[in-house]
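With the sequences and hints as input, model every part of the structure.
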Amino acid sequence: MANKISVTVNGKQYTGEVESRTLLSDYLREDLSLTGTHIGCDTSSCGACTIHIDGKAVKSCTMLAVQADGCEVTTVEGLATNGNLHPMQESFKEEHGLQCGFCTPGMMMTATDFLKTNPNPSEQEIREALEGNFCRCTGYHNIVRSIQLAAKKMSEAV
Amino acid sequence: MIPNSFDYKKATSVDEAISLLGDDVQILGGGHSLIPTLKLRLNAPGTLVDISKIESLKVIRDNENSITIGGGATHASIAADAALSEHAPMMTQAAKEIGDIQVRNFGTIGGSMAHADPAADWPAVLLACDANVVIQGKGGKREVDIDQFFKGFYETALADGEIITAVRIPKMASNRHSVYVKFKQPASRFAIVGCAVGIEMEGGVVKSARIGMTGVGESAYRAMNVEKALVGQALTAESIEAAVKNVTEGAEVMSDHYASQKYRTHLAHVYVKRALKMLM
Amino acid sequence: MTKYIGKSVKRVEDKRFITGQGKYTDDIKMPGMVYAYILRSPYAHATVNSINIDAAKSAEGVVAIYTGADIPEAIAGVPCGWQVNFKNGDIMKEPPHPLLVRKKVRHVGDGVAIIIADTRANAKDASELVDVDYDLHDAVTDPKAAAQPGAPLVHADAPNNIAFDWQLGNPKEEVAAALASAAHVTELDFVNQRMIPNAMEPRSAIGHYDTAYDKYTLYTSTQNPHLTRLLMCAFVLGLPEHKVRVVGPDVGGGFGSKIFHYIEEALVVWCSKQIELPIKWTCDRSEAFLTDAHGRDHVTNAKMGFDADGKIVALQANTFANMGAYLSTFAPAVPTYLHGTLLQGLYTTPKINVDVTATFTHTNAVDAYRGAGRPEATFLLERLIDLAALEMEMDPTELRFKNFIPAFDGVEQEGYVTQVALQYDSGNYAPVLTRALEMVGYEAFREEQKNQKGDKLLGIGFSTYVEACGIAPSAVVGALGARAGLFESAQVRVQPTGKVSVYTGSHSHGQGHETTFAQVVADRMGIPLEDVEIIHGDSDSVAFGMGTYGSRSLAVGGSAIVKSIDKVLEKGAKIAAHLLEASTDDLDYAEGKWTVKGTDKSVGFGDVSLTAYVPHNYPEGLEPGLDFSSFYDPANFTYPFGAHVAIVEIDKETGFTKLKRFIAVDDVGNVINPMIVDGQIHGGLAQGIGQAMLEGAIYDETGQLINGSYMDYCMPRADDFPSFEVDRTVTPCPHNPLGVKGAGEAGCIGSTPAVVNAVIDALWKGGHKVKDVKMPMTPERVWTAMQG
Ligand SMILES: Cc1cc2nc3c(=O)[nH]c(=O)nc-3n(C[C@H](O)[C@H](O)[C@H](O)COP(=O)(O)OP(=O)(O)OC[C@H]3O[C@@H](n4cnc5c(N)ncnc54)[C@H](O)[C@@H]3O)c2cc1C
Ligand code: FES
Ligand code: FES
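Residue numbers (this note's numbering), protein chains in the order written: chain A, 1 to 158; chain B, 159 to 438; chain C, 439 to 1226.
Among the hints, erroneous ones may be present.
Said to hold, decoys possible - Stretch-level coverage of chain C by chain B, calculated; a stretch enters the list once three of its residues show a Cβ under 8 Å from a Cβ in chain B:
#1 570-579
#2 1151-1157
Claimed, not checked - Derived, one-sided and incomplete: chain C residues facing chain B with beta-carbon distance under 7 Å:
#3 Leu1017
#4 Glu1091
#5 Thr1092
To be clear, the hints were calculated from the coordinates, so they are not data collected in a lab. Backbone N, C-alpha and C fix where the C-beta goes; we use that ideal spot for every residue, glycine too.
The following block contains the structure:
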């Protein structure tokens, strides 16, 4: 069954038709060519596909594209504004929070949502916040450091 | 990772949703149990009726003696609700134990209850809270006492064509105490043993107790014999030790590669004991 | 002259990844592209009676379906790249690994048919209409059980399922005699369990046959594009190599699992020729669990003998190694030349014998997984020595200090010759353990442990290791059975404006070569980092390459780059001398310019570059251009080493074990980028600790992988770890120009036994004198150990 949807992705409006069964992750990757959102599993576990829907982190492989109708979607491609990297992006680079880069978009999307509710987290809180995001490369050590740095940058910015 | 084909219908009200239900139709709540099963093609409904956009289902209402949580309220909104944290803190605590940030943002309490995963958290907690489940179908509204809700392995009192529109949690009086503790399966982080305890104290002794267990048996259950053994006792290490002996009585204790029957039984004892000691 | 080397330069590749612009194979789309789904066997051992594709063929969007019967007989299957002979000289059993099975399936996940359709969804839907009729047979999954008489046979021509047997070291009788006269013998039976690599990017391959150019392109998530091309062209499809381009674009982690040439790669290329359309295949995670080559899976008995003083007198190790159903690319090398050869460890053990039996089972293939053989060797040694210390009531660190090989730098002192066929390059073992003990606060910890009361047990575990990286030289590995060379190539192309493009045969999939290699080039050439571009992963632009694995990239690939730089600078000097009207002997090169000694006359690198391409005023007889290629074949392996320490706390009531601290002091030789090296160590630690505490494949007796999803197979998460405490010592490699040894696997090699030893230590201190807790040490297993 085809459904008409209209979504705003990274500030841009898209209108199109999707099959009911199309996952939001596939819509973003295949229909919109936003391939920064990655697919790492089929059990909604790994978080590589994490994006924001109306500002909240969600695993885009666990939502139907048709459900995003009328929503504001932000993907990793929309994290930087006017060519300026988001503090989270800067921090991942500065603290070597990525190696192969595959988990990175999802990590950053989860972390930015997390810092909204907990702008000043402890190390343990950061580790727990990443329960739904797997990384095989970094041992998480520098991802935690990156998020700590981002928290600092973001709280200094306000 | 592509589901079988199905039709999709978005409901804007509970009545509309109910009118759309029927043969080969499934409700789509937060989708965080349903969509994973669709992706793996373990489940292939003909039609999904999406109730996640029905605003009235998301409301958490503070009543005089109870709090009504809409069936579409997410784990995250429950965790963040001020009234719950004041009057039913175990709900807040448990909500934070479920899944991860992303799952909590979209998974709902109604979906979790309807799904009735034997290792899910809400079932134990709602048993201990003495909640009521508010259900609506073509025949109208009914309220099911939580004690009558779980019927077996992924089975509940919910009939075809019915929606969980809310759960009602009684507010805790000042002499009530509660806690939820969970031993997690390392991979899925669902409960191997989850134990929710609500007790009412009077004159230094337990007046009544409700203990909900999840992860242990084929569905969540109340550890009635522990509850009984506690009544009239002061909470001491000794009274707790004596009371928890048969926490798995009546349950068909599950076994898997993370926890054999023997070990799971042992953990159930340890966790109910720990929960009670936290209330000493 | 080191502006960059030794500095934590931020990675140049990060920009594209943090903005979501990385290009992984599945991100690539081509006009007309169609999608493949591979139908796989749900059974471990069965005869395929028939396959009916009629209904599937007419399903919506289906372009083509092929089964084993459609693939020409001449395409036998994917080859093995390493030959190990039986002890009696017979060559190993090497049954074909067909692209799609013809008659028999041999593990769950074996490919049965490929369905190609206009969309992934249609391909998947159609696959459900393929009807396969199977006759089921009994299966065997345990490597030791497989070798017992009467076990179900995986291949008719491999009796007792034995692929090969092998031994190395001193004669068995001598080792037995030494053990017999030892004052103490520690014996341990253990399993180094099967691991699933789980790179976060699932494997993906695109095959594209271009009719206009009669040329094939394969995009694939590989660590090793050139070797994949060679194997596929020469041994699988019989394609002309110059008509085949293999590209490994951005790759989301490998850890060994993406070294190998897989059936899917050859399949999409072959099918693409048949239908003349580009075909993409990307596996689901469930498929990855079943088909990415697994790691480890050794069943071992080992004995270590000590004299009254605690000096090791002998070691006997007997191992059954699981190969799975087929021999994957490097599988035979892992339990033999990457494992047996490491059993000297960093100890002076005078008598060592290792005996390995490699068996086929009805399971997915096993091959190199981060560390490949060296983690198994380290585990064996380090478990034994810590256990021996407990049994002999000695301090485990003292026991190690007593047995360490004395320091040798490989220059003044000869490299250390082991009993198991290697000569270590350089080593200084005591300082890493000393430093680790300082970081731990060892005495204070033992005090705390002694005073520990209540419901927790505290334990500390050690592991000191030496490993071998950059496996080489080619002639030697050839003699050991490698069917490929293990050199590396590099081209340094100076552009007319003095910008430098470097083409390396190494492949980066997280290691940060675009930064580290550029640091080396920029420093050696005295030019800004921004003027250097590292290009890798494309067989059409890079001359040749052996890829990235075995911690070889910098030691081997980096050295090849240095060789080319030397050639560039040598020729540049000739041009500079001409321009400066001086002799090359009178020139100094520094900071990007040639200066006539003792004068201020100089010419810059950019001017020389331009002159090389605009050779108007130019040395007579010199060719224009400034572009050099080199092949570097190392003289020896490199041998990093280190000391790892784990501190754990066990909940007595539940067995739940918390890793409280992890300290790692590694010596990986010279360090080009400390930030990146630390990152490599961290990642390795997480995988090694993951093996000890969380991970492990479980096959049931029918050959079903019962934990083939993230709901059951425990991937380590952030909250499973504390922050790691890492430090290093530096003992340069004496035989490569950079003095580097390799850092990619060290973390994974050293850490596993440290964690198990810590748990065993805690249990002994709590009065539970068990020899072993099986990995992964789940809470239930630890709890069970406390019930005895
Ligand atoms: C990675 C991951 C980790 C998780 N970890 C945990 C955990 O630790 N503990 C835990 O308890 N859960 C966990 N969950 C499950 C999660 O809490 C789900 O959100 C919940 O179980 C189902 O709620 P839902 O709203 O997503 O329901 P859906 O997935 O939408 O639906 C589930 C079922 O309920 C039905 N349904 C949905 N809503 C209603 C309704 N209002 N009335 C009647 N029927 C309805 C559907 O038809 C379906 O059969 C996890 C899930 C994931 C993906
Ligand atoms: S791809 Fe969405 S959670 Fe793994
Ligand atoms: S950086 Fe590779 S998975 Fe995280």
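Evaluation of the provided hints:
1. 570-579: violated (count 0)
2. 1151-1157: Contact hint for the region 1151-1157 of chain C vs chain B: holds, 3 residues under 8 Å.
3. Leu1017: violated (62 Å)
4. Glu1091: Hint holds; Glu1091 of chain C Cβ to chain B Cβ min 5 Å, cut 7 Å.
5. Thr1092: This hint holds: Thr1092 of chain C lies near chain B, its Cβ roughly 6 Å from the closest one there, short of 7 Å.
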